[in-house]
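In case you want the letters, here they are:
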Amino acid sequence: MATLLSPPRHYLNDGYGIKSWLLTRDHKRIALLYLASVTVFFFIGGAMAVLIRLELATPVGDLVSDETYNKLFTMHGVAMIFFFLIPAIPSVLGNFLIPIMIGAKDLAFPRLNLLSWYIYVVGGLFSLYAMIAGGVDTGWTFYTPFSTVSSTTQVVPTALGIFVVGFSGILTGLNFIVTIHRMRAPGMTWFRLPLFVWSSYATSLINVLGTPVVAITILLVAAERVLHFGFFDPSVGGDPVLFQHLFWFYSHPAVYIMILPAMGVISELVAAGCRKPVFGYTFVAFASLAIAVLGFLVWGHHMFVAGESVYSAMIFSVLSFLVAIPSAVKVFNWTATMYKGSVSWETPMLYAYGFIGLFTIGGLTGLFLAAIAVDVHVTDTYFIVAHFHYIMVGGTIMGYLGGLHYWWPKISGRLYHEGLAKIAAWIIFIGFNLTFFPQFVVGYLGMPRRYHAYPPEFQVLNVLSSAGASILGVGYLLPMAYLIWSLRYGRIAGSNPWGAVGLEWTTTSPPPTENFAQTPVVTWDAYEYPAPVETHVA
Amino acid sequence: MLPDAVEHHHPALAHQFDSLEQQKEAATLGMWIFLVTEVLFFGGLFLTYTTYRHLYPDAFAAASHELIVWAGTINTAVLITSSLTMALAVHAAQTGNRRLLVLFLIVTMILGTVFLGIKAFEYYSEWEERHVPGLNYAFDPRYYRHAQIFFSLYFLMTGLHALHMIIGLGIMAVMLRWSIRGTITPEYFTPIEISGLYWHFVDIVWIFLFPLLYLIGRHAHV
Amino acid sequence: MSEANPGGAAHPAHVVPTRIYYVIFGILMLCTYLTVQIAFFDLGILNTVAALTIAVLKAALVVLFFMHVKYSTRLTWAVVIGSIFWLAILLALTLTDYTTRAWQTFG
Amino acid sequence: MPPLFPERASTMAYRVDNLYFFLLAITAFFALLIAGLIVFFAVRYRRRAPDAVGERIHGNLVLELAWTGIPLVIVMVIFVWSTSVYFAMAKAPDETLNIYVVGKQWMWKFQHLDGQREINELHVPVGRDVRLITTSEDVIHDFFVPAFRVKADVIPGRYVSIWFHPTKPGRYHLFCAEYCGTRHSGMTGEIVVMDPSEFQAWMSGGAPEGSLASTGAKLFADLACNTCHRPDAQGRGPVLDGLFGRSQALQSGETVTVDEAYVRESILNPAAKVVAGFQPIMPTFQGLVSEEQLLALVEYVKSLATQPQQPPTARPANGPAPGENTPVKK
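Chains as they are written, first to last, in this note's numbering: chain A, 1 to 538; chain B, 1 to 222; chain C, 1 to 107; chain D, 1 to 330.
Any given hint could be a false lead.
Stated by the list, open to error - Under 8 Å between C-beta atoms, here's a sample of chain A residues computed to sit facing chain D:
#	residue
1	307
2	318
3	364
4	452
Just so you know, the hints here were simulated from the structure itself, not pulled from any lab data. If you're wondering where the values come from, they're calculated on a predicted model, not measured in any experiment. By construction, the Cβ of each residue, glycine as well, lies at the ideal position given by its N, Cα and C atoms.
Please model the entire structure based on the sequences and the hints provided.
As structure tokens, then:
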């Protein structure tokens, strides 16, 4: 490294003080604002998860009252889904990387980007108020007529919180779509885009097309509680199943909003980990779009036992089977990429391999739920809880942590401690499997979801799961520790510590505010290893 | 268009864009995507309407019979005229005729206000006839409960539409100020075009609301 | 549009002659009158079909001419058609439940 | 050693479990295949030199088509198999022992046709098809018996029917599987499957106030339904005798089969589907009759269907219908 006369000017030291952060329009700083607020909600949701698992260690409900338990699992759901899983990868990694990956100076609408962070914070405050003022006990699904007629808890503030944070997702999605369409550097054609940009594009499509419907649905729930319109109230003639149609129209594509960005991160990690192009680039890219489109046709499989007509259930079942195919294609292509690659065992790549394995189990257990006959038995039991945690925790959070470790040198200019990171990755992997695999078994045995007390014969499996949860809890604390530690004491990272291909590795770490000295001209394909020499800017 | 040098530091060109052309297309695409979210936002309500009209056709026809059809018809005409004047405003901005632009913006805002006035009158008369669920709702006992769903939908859909109209008037006020101040020029008229897209969208929502809410009970022999 | 053409001859934003606006305005007013008149005849299911067809026609005119989609890029067309397609998904798949709920099962 | 697999106590349980094992096998196969390949490739092709680069392989069309086509075939096989099992589940056999179930916030109320009422416990005979007609008094509940592999949401304002054929006597868990409020986890019960002889003995213990249909008949008179619904067709309401199960032309021109749901809707919301030739003058009974009373009235109307045609006899305007209606199994 050349001796540095004055510290290099980059986006972190390009202005100090609260105002330079709270009024920034730099997509990289906004990404860090999101990183902080998203982590806060992750640990709120995580704390509730630990309480839930502690409660379930005994068949009798003796740690908390049933009222409190209902509020715990509801707020665990709301905090994790709406305030962590949906915004995390797009708003933190997407915000930071997409402009750099396509060679732009910033997103298309920087002010809109800052506005979407403030909207996220306002939504968060609404939900925090609801938690402090007594909590909400309707489950994150707000099924009517319980949420509109019967519940006496803070449903309206939470509903407003979700309504507001939905717009943060819409604005981020809108920003990404316009940026990817209109602001690619010269030479950056669609098929030279990194796969993370493809999956972020597909995620933004779902965000933009799905979130408005849940916004109006949540508004209807709040309106029904306040004005008693009677849309979902059977005594007035309303049909509670209509709420489920409106709710799941968004909430199933929402699970693809949560997993698609993680898939994008994994494509990057596998390509960099094996230093070779991703196998079947175009198939993986179009698989993202296929998931985004098919994801909107399948919501009925959440309602097979909810009084849906037999023929409608059949239609949703066959469509639900089709949506599994693009995910399978992605898994096969990742695995095929490793063939004859130069496979590294660095921490981000460990997270990627863990992701592929766990996502395969999560995805295949989805087939059990698309098959109506088996779904009738397993829906609303712990089999479902295990299925979606394998996708959300085994998939999205593994992808998020992998991405955070992989791009940490680029974000902070520092290298984290590799040994500690590997240990944390293994603890998380083991803790995760010990927590959620027993839940498949106890689920098929028939233990229902959201139960505060359960028959004694389920206790052994629940104790195993609670033990796993404590390991997983510890596992999640470690990365926060050594990543923050690395900010001060980590070794200085060069511009390309992993020797990877990608525009983000051609600029300095951390990058300057305008990302590149001059707008790069792209002449090489997506993952053309070995990295072209001239990109190795010292 | 402007020569290259002038374009690069045209006051309206944001730093992250390379040209006014790129900025215009980005802004237009951004507004269209926002309109997609609005289509689906109203879509949830149209689904609720469709489902309950399928389940309770007679109650919906009886309830729709109580709405003031001439008020709805005039409102439709008012909104279509405001769409015309909005389109002419965009045309005036493109051709640099600032006087005409300001005139058409004012006429559009007046028409929007007239629409809200007629709507307020309708709401008042429905309140008088005691058709407002939650406040003083009363109706023919045979369809009492199912008609309540119709009236709830009516107030929610037209209320949400009116709210979007009010936001539209706010946008038009800002556009009027920019037009008078001269920021709108034939090179930089994107804000006017985008506001026009939003206004036309609000008109299209009413084009569907009017027949679905007002016209289903007219011939009924109820 | 990958190559941003800084300052080059940007393709001229299409200026629609005002004559077209007035023609479209006339058709829209006519359609409004038509849909109101039809509503007063008892045509059974045809009433709804007629009302919706006229509304779709009016909306299409506004989108194509007033909102310049007719002269816009293919991307704008894709966005417009996309929104209609997604609205159709929401309505159609939900109605598959409500319309077939009364059917008796067999087998 | 805790149980790791649920009991199989109904005919459907075996068919569901076979499909479950098939899916389990597929999941195990692909999970082990992918995990194995990852570990093998990670070890076999591990990075040996710091700047070693992988071979430049872009893709292989044949492979892509293979792992799109094969999974497609597999999932379609699963779809056909599962839908056939589901159709068998959805269609209740014709001859069933009917029992009414009312879900209420945090308890299950059962109502046998012969008048017995049970709370959180249901006695059924082994070896017979049992059909439960369920509704809820407040929010959505869910009738879930893991041992029978049966689950269905119990929805307020609607009748949802569930059927099962118990094969093994014993006591089986009943759970509420749809979140319904504070004591959702307390809303459990037991299904007691007994030998037919024991079941008859238990049933003959009998209920003091007679069969459900007779309760319905009394209610029919108390609410003065018989002033309009008279067997001699002079009343202002349609004749109910022999009506249940038949398809009925409506004022709006459609026809509807008279089932439990239609009777219930016509009581709570008379103007919704008016019978052809009659005026919509019947007042609504919404809020005047409870769910149990509704069940009794529905059962009474059902019992009229099998009643031999009454000779028209003059009756005082609001006297009770003549004769005791003996419940006859549908």
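Do the hints match the structure? See the list:
1. 307: Status holds, d = 5 Å.
2. 318: Holds: closest Cβ of chain D sits about 5 Å from residue 318/A, inside 8 Å.
3. 364: holds, 4 Å
4. 452: holds, 4 Å
Checked against the numbered hints given earlier, the structure satisfies every one of them.
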